[in-house]
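Chemist: Here are the chains, one letter per residue:
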Amino acid sequence: MSDRSVPPAIAHAPRKWRADAPGYALLSPTLVVMVLGLAAPLAMLVLYSLWRQNGIALQTQVTLGQYASVLSRAPFRALFLRSIAISSAVTLATVAFAYPMAYFVAFEARAKFLWLVLLTIPFWTSYLLRVFAWKLILGWNGVINSGLMSLGLIKAPFGFLLYNPFSVIVTLAHAWAPFAILPIYVSLEKIDRSLLDAAADLGDGPLRRFLRVTLPLSLPGIIGAAVLIFVPTTGDYVTPALVGGPRGTMLANVIDVEFERIGNWPFGAALAVVSMMAVGLVTLSAVTAARAAVARIR
Amino acid sequence: MSASAKLASMKPPGLFVYAILYLAFLYVPVLFLPLFSFNDSAFVSFPLAGFTLRWYRAMLADGALGEALANSLKVGAVAAISATLLGLAAARALTRYRLKGTSTVLGFVSLPLFIPDIVLGISLLILVNALSTPLSLSSVIFGHIVLCVPFALAVLLSRLEGFDPSLEEASRDLGETAWMTFLRVTLPLALPGIVASLLLAFIVSFDEFLIAYFLAGTDATLPIYIWGELRFPAKLPIVLALGAAILVVTCLLVLVAEWLRNLGRARTTPLAVGA
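If you read the protein sequences in the order shown, they are chains A and B.
Numbered according to the numbering used here, the first sequence spans residues 1 to 298.
Numbered according to the numbering used here, the second sequence spans residues 1 to 275.
Excised from the complex, chain A in its bound form:
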């Protein structure tokens, strides 16, 4: 009855097509929605980036002028570098701090499930309010400053806590923590424990065994976590807007200004396309480099 019982060599193409037709029919509504809601808008974005805004009129002659001005103007180059630097720092910090936590849950914790629930509960509050909580903590009259002052430890509030790249990094590292813990935990959990015993039996000390067995085997989780954090945080809007200040402004804030205030959609579109390409390029090269580095350790 099932088409799986027919060996592919015997199944004739028309019969295969007829057997699979319901499958394509089932798949098509989702594909139609995603083409309309994802492929079409992205194509329109690229198209807009090739046009030009002239006052309130849109000139639809194809030009690379938007790209030229995105790439040639120093403030925008600085913006790209800053966004990528901030997101890289966020990714490194989040993964580095989450790794021991995930390791603990995978190898040491007794009630694993309870730990996983405990680790995810704080992330069911509103994202906006989780980010805003850091503004309350780091602000001029915030929790840290008012706490230290009421304890008599400082006389005047610290001004350097908020509105800089560092406050953006701390806030994002907090907001994205589960995206690091969960993939790393899954990859650690999958490791065959007998491999660890074998390494120990063959004389590897704990550190060597970790570097040569555990770390390389958990690499898919690390890479997955890094990509899952790096890509969306380069485009984060809320965090730089709330805790970044002028020195912590990132790509999304500038794209928003082009779309919502200045009204230069072609330029905003070009900014968005260039940032997607830059982020994609950085991600690809980082993943390749990470794989090569681990291959060498092994």
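Hints listed in this document are in silico derivations from the structure and should not be mistaken for laboratory results.
Since this is a predicted model, take the numbers as computed values, not measurements.
Check the hints yourself; a few may be wrong.
With a cut-off of at most 30 Å between alpha-carbon atoms, the simulated DSS-like pairs for lysine-lysine come out as follows [unchecked claim]: (1) A:Lys135 x A:Lys155; (2) A:Lys112 x A:Lys190; (3) B:Lys235 x A:Lys135; (4) B:Lys74 x B:Lys235; (5) B:Lys235 x A:Lys155.
Keeping the supplied structure of chain A fixed, place chain B upon it in accordance with the hints.
Modeler: Chain B only, in chain A's frame:
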């Protein structure tokens, strides 16, 4: 026995302490929201001024908040149901049939997970604008469906992947119609996945700010309302009360979802073992 003893001897010391500190890092910032929502002062700073429920009373009396909440519930429900239906059909197609281009389809549908929300938001804004349709909750719903389909598909694929097709064949061989087979065999087996997908998609939509911000026009969803209120220091404690309420409700939802998932697992485990 000896293996676990050997593993135990290799445990790095102090990892438990680290885990507790890490939990504190995750929890303390979030717990400031409920703490200051009960504080009898419009300013969020120490020392605490005293206990009050007035911010909660003000929250319940706020009409714009109620409207935004109703909008968010509507958008979340429609987006979650649509994304789950689309995800279910696609997951069924991809697991039951061997279609050409399966990995391409999966990659394409998962794209929203790898595109920053800002890019999705402005792209959809350009599209809606080009179609000269007014911005409204409908455009937000459309954007949220696109955003939620990859989540729904991932959950449902993992549920349907281990699915034994011989169960459906047996049902048909025993004389059930295709429709009854679907109702009595396929649907019950997929149900925990469907519930998980509905909840996850709803939570993603309910919390989504940036896409809604570009597409909502004059209708505010709850995150858009919160974003607006964050600019007014006087209204801040009300927003904190709202945040605490959201935290409690979503925690309850997550616990219910986990309980349902375990229920589903307990019931289907014997089948999985037999397969």
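Chemist: Run the distance test for lysine 74 of chain B versus lysine 235 of chain B: straight-line Cα separation, threshold 30 Å.
Modeler: OK: lysine 74 of chain B and lysine 235 of chain B at ~25 Å, within 30 Å.
Chemist: For a C-alpha distance cap of 30 Å, please report whether lysine 235 of chain B and lysine 135 of chain A respect it.
Modeler: Given pair lysine 235 of chain B, lysine 135 of chain A holds - Cα atoms ~15 Å apart, limit 30 Å.
Chemist: With a cut-off of 30 Å on the C-alpha distance, tell me whether lysine 112 of chain A and lysine 190 of chain A pass.
Modeler: 14 Å, holds
Chemist: Please verify whether lysine 135 of chain A and lysine 155 of chain A have alpha carbons no more than 30 Å apart.
Modeler: 21 Å, holds
Chemist: Check whether the Cα positions of lysine 235 of chain B and lysine 155 of chain A lie no farther apart than 30 Å.
Modeler: 28 Å, holds
Every hint, counting from the list given before, is met by this structure.
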